[in-house]
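Note that the protein sequences, when read in sequence, are chains B and D.
Residues 1 to 294 in full-length UniProt numbering are what the first sequence lists, from first letter to last.
Residues 1 to 445 in full-length UniProt numbering are what the second sequence lists, from first letter to last.
The hints are simulated quantities; they were obtained by calculation from the structure and are not laboratory data.
As the structure is a computational prediction, the values presented were derived from the model and not from experiment.
Possibly wrong hints are sitting among the right ones.
[To be verified] Below, computed lysine-lysine pairings styled on DSS-like, alpha-carbon distance capped at 27 Å: (1) D/LYS315 / B/LYS258; (2) D/LYS323 / D/LYS27; (3) B/LYS258 / D/LYS440; (4) B/LYS258 / D/LYS81; (5) D/LYS250 / B/LYS258; (6) D/LYS211 / B/LYS258; (7) D/LYS427 / B/LYS258.
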Amino acid sequence: MERRAYYRNPVLPWLLIGPQLILVLVFFYWPTTQALYWAFTLEQPWGGGNSWVWLDNFLAIFRDGEYWLTVARSAFYALCTTGLSMAVALFLACFVDRALKGTKIFQSVYVWPYAIAAPAAGVAFRFIFAPQSGIVGSINQIWPGIWDPATNGVHALIMIIICHAWLGIGYNFIFFLAALQMIPRSITEAGAMDGARPVRRMFDLQLPLIAPTVFFLLIMNLISSFTDSFGLIDTMTEGGPVGSTEVMVYKIYFDGFKGLDYSGAAAQSIVLMLLVIALTFVQFKWVEKRVHYN
Amino acid sequence: MTNIRLLTAASSITLLALATPAFAQTKFEFWYGLSGDLSERVQDMCRGFNESQSDYEIVCVSQENYDNTLQNTIAAYRANKQPTVTQIFDAGTLDLMLSGAYMPVRQLMEDNGYDIDWDNYLSGIASYFSTSKGEMLSLPFNNSTAVIYYNTDALEKVGFEGTPQTWEEVETVARAMKEAGYECPIAFDPSGAWQWFEQFSAIHNQPIATKGNGYGGLDAEMVVSQGKFVDQLTWIKKMYDEGIIVHKSKDAGETANDAFVNGKCQITSSSIADHGTFGKQAAEGVHWTDAMLPIWEGTERTNSLVGGASLWTLKGKSDEEYKGAAAFFNYLAQPEQAQTWSTITGYVPVTMAGFEAMKANGFYDGAPYKGRELAIESLTFTPPTENSRGIRLGNYASIRAEMVKTMQDVLFNDRPVLEALQAFDAKGNEILRRFEQTYKGAQLP
């Protein structure tokens, strides 16, 4: 028999969820519809008026070769940061989980990076990675010109990816560790008695068992790497050199706020939103099928 | 007992509150985009204005930088919460002009009975903030132009007397410096498109866009790849490859200005507003001087472009507030105010009278202010031409960013100069057409 709680009074439930609904409407759906409206118009920045242009804004960005480069760069960026951040976090979590000496300390120390705001980390990393004066830059004195994110786009992109991944490690680590600790000891012990080495145990036992966590983190990391890179890029490279670290969010910010092209930026954010929705949908549709929750 | 006391207190407060409006001052806001030391100076100025009279009270709010000021003013204006006066930087001028969101400064001053001699403003400055017919829309406030700075010890070491006036001479001394063992003869930051590109075009009388750099209409087209800047960028690239021009920027770890004041680089180009900063920051034993931007031999020098920001009065405020704004502008225009401001900041005096007064006082005769008069000389070298009165192009901040990318592309990725500049023109035209479409049917004031 299905048990369901229900209210006799039809108004009361609405009142109860009212505050939450208002919050969501005001802070999420209202801006989204506004952006949607702007994406189909040409909006004057000072609010002098606008004209309806149908799909012109979207056609304009799709025609722009540089925009597609930005999309490709964002995808590459998302894959690399997610992969790097999760791999390192899992690696660390596996060691901490093995109850080595000092585990207790590492458990809390590894989370710290997550508590640092991206722009603050960006400023610190800018000094660390600076080619002419930073700590990493000092390898230039051994091999001149080997590290130069200020002029070499590839180096700059690698630098941002490393920093973004670094910021996410703490968050991923906590989830991995919690998941690993949920696995009954007897299972890993049985594996060990059958002669499986730690690495084998990780791939054959632990990883399948924590698959739901991996799946959850995959989604969270991918979304975050599409949308949260702004703070780092703005403080470290401002999209340069030659636009080689310009990802989708940064281009939206630049076109909208610096270039005052509100409509173009609105159209780009709609595209980004659809992309993130599609990505999440795909993951739930196909990837989740391979995840077993029990 | 306590109750009665409370009651008395409450009633006296009420009385006070009721009584105050009778001698209330008109309060109005002024948003500006300067921070740090400059922000303190603006606050001093506001305090001075408030103390000088009792009818108005100005509330000055720093928005940290020009970009924020522009963005916040726009957001406030759209929400009808705008300040009465706001400071907008050069690249944001056209958007505001077309928006109709402002009250022309000339009208403001006339309406409130102030008689300002508009012809007194330095021509190069006035033309940037005026309509094509010459009416000033905003009040020039903190203005500058670009100059070139030389380390005099380095010049002496390579045996050059005076300061190089042409790029040929710059190349000669820079080469000699390299040979004399200086690692960084010329510091170059591509993000300084303003001094390396815009000012170059102005003083060589080269158009950036047709229609007089956009003054003639929104349908202007970029023409950078057809002018002298092609040769200039080619030269910069050649010098860069030979190690005579060295890349210095924030992301490289040291800005061009820092490298210059530390004595690591011997030549740099920057705003005259940095004259004061250099004076304060120059490392022990670093001697330097400034000069007007060099030109190529065989070319005629025209006036350089004004940079910096101006004060705009926004629409939608009360007459009382406009009166206050006019009084504030009048206060700023007093010669003593103009001189103090220019002394402590390094920005140029914006009126001829202000400049003459300072010259007569001997302000420019000795250290640390000697050399700043060159900015005025550069700004007023010739009457402004079509190409040197200013840049009136839509979304110019985006176009400037494209130029930064273009210079980086040429320097770092070896992209052929002509091809890169043609791509820049194409990109710029796209931005301009988009802007034109946004303001369909709008006429430039």
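Cross-check of the supplied hints:
Pair hint D/LYS315 plus B/LYS258 holds up; C-alpha atoms about 23 Å apart against a cutoff of 27 Å. Distance restraint check for D/LYS323 and D/LYS27: the Cα-Cα separation of roughly 11 Å lies within the 27 Å cut-off, and the hinted pair is therefore satisfied. About 21 Å separates the Cα atoms of B/LYS258 and D/LYS440, which keeps this hinted pair within 27 Å; it holds. With a CA separation close to 21 Å, the supplied pair B/LYS258 and D/LYS81 stays within the 27 Å bound.
A hinted pair counts as satisfied when its Cα atoms are at most 27 Å apart, and D/LYS250 with B/LYS258 qualifies at roughly 19 Å. For the hint linking D/LYS211 to B/LYS258, the alpha-carbon distance of about 25 Å falls within 27 Å, and the restraint holds. With a C-alpha separation of about 16 Å, the suggested pairing of D/LYS427 with B/LYS258 holds against the 27 Å cut-off.
The earlier numbered hints are all upheld by this structure, with none contradicted.
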